[in-house]
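K.L.:
Sequence:
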Amino acid sequence: MLFGAAEAKAAWSFDQVLRKAEKRYGRTAPAKDRLQAWHDLIENSSPLSELDKLHAVNRHINQQVSFSDDLALWKRKDYWATPVETLAKGAGDCEDFVLAKYFSLLQLGIPQHKLRITYSRVLKQNQAHMVLTYYASPESEPLVLDNLVDNIRPVSERDDLALLYAFDAEQLFSIDAGRFQHVGDTSRLPFWQALLERMRHEGFNLAQLQGAPGGA
1 MLFGAAEAKA AWSFDQVLRK AEKRYGRTAP AKDRLQAWHD LIENSSPLSE
51 LDKLHAVNRH INQQVSFSDD LALWKRKDYW ATPVETLAKG AGDCEDFVLA
101 KYFSLLQLGI PQHKLRITYS RVLKQNQAHM VLTYYASPES EPLVLDNLVD
151 NIRPVSERDD LALLYAFDAE QLFSIDAGRF QHVGDTSRLP FWQALLERMR
201 HEGFNLAQLQ GAPGGA
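Residue 1 is where the sequence shown starts when you use UniProt numbering, and the numbers rise one by one after that.
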């Protein structure tokens, strides 16, 4: 099972995922090297504290992935790449950074309820952006994992960002003055559903991911 419902700890088989990736991308560098480095990140980070896991994953993905927009990379206006696709390419846009970090942290045992994929706006450029937010507890100020800023900072130190919407594996929220308002579930997000389906084809067993079709 990929994620246990109680603790949301991932348990996917990297060997199976890698075999499928090799058929698609080949067995030569650099794609295989980046995927192997991702596996090593997960293995080496398992004993770390929760906060150290955040820093290790944020640093690794920001170093391994270069920014490229979807039109240049995928010849599409908008495309949510799987972590395997992003790391094989070594490139992606903001949501691809976020998704690679999100699934990596779930694999490392970070509970689903502590992570939210968050739509935001970069205020100076008035530009849409996506970040990953982490909540140590429901009342805690979120920490922001971002490809624009390498350091993980609390949201109060990110006055360049306005957080607008967020979702976890099950629910979609609007954000107003730091308060969450439930506005639906992830069935309203077709890019998310398409992403999960492609991950299944890559060898990920998503049966226990809350909110996924066929999940608990």
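Since the hints were derived computationally from the structure, they do not count as laboratory data.
There could be a bad hint or two in this list.
Unchecked claim - Restraint ranges, calculated between C-beta atoms of paired labels, are given here:
| no. | residue 1 | residue 2 | range |
| --- | --- | --- | --- |
| 1 | Q36 | D150 | 19 to 25 Å |
| 2 | P30 | R179 | 39 to 45 Å |
| 3 | Q125 | Q181 | 22 to 28 Å |
| 4 | F67 | N205 | 29 to 35 Å |
| 5 | H39 | G184 | 17 to 23 Å |
| 6 | E22 | R179 | 43 to 49 Å |
Said to hold, decoys possible - Dumping the calculated DSS-like pairs for lysine-lysine here, alpha-carbon to alpha-carbon at most 25 Å:
| no. | residue 1 | residue 2 |
| --- | --- | --- |
| 7 | K20 | K89 |
| 8 | K20 | K32 |
| 9 | K23 | K89 |
| 10 | K20 | K75 |
C-beta atoms are modelled at their ideal positions from N, C-alpha and C, and glycine is treated no differently.
K.L.:
Next, verify each hint and record whether it holds.
P.N.:
Going down the list of hints, with the structure as the test:
Q36 and D150 have their C-beta atoms about 23 Å apart, which keeps the hinted 19 to 25 Å range intact. P30 and R179 have their C-beta atoms about 44 Å apart, which keeps the hinted 39 to 45 Å range intact. Remark: the range hint 22 to 28 Å for Q125 to Q181 is upheld by a beta-carbon distance near 26 Å. About 31 Å separates the C-beta atoms of F67 and N205, a value consistent with the hinted range of 29 to 35 Å.
For the pair H39 and G184, the supplied restraint of 17 to 23 Å is violated, since their beta-carbon distance comes to about 35 Å. At about 46 Å, the beta-carbon gap between E22 and R179 stays in the expected band of 43 to 49 Å. Among the hinted pairs, K20 with K89 is consistent with the structure: their alpha-carbon atoms are about 15 Å apart, no more than 25 Å. Restraint check for K20 and K32: the C-alpha separation of about 11 Å stays at or below 25 Å, so the hint holds.
For the proposed pair K23 and K89, the alpha carbon gap of about 15 Å is at most 25 Å, so the pair holds. Straight-line distance between C-alpha atoms of K20 and K75 comes to about 23 Å, which keeps the hinted pair within the 25 Å bound.
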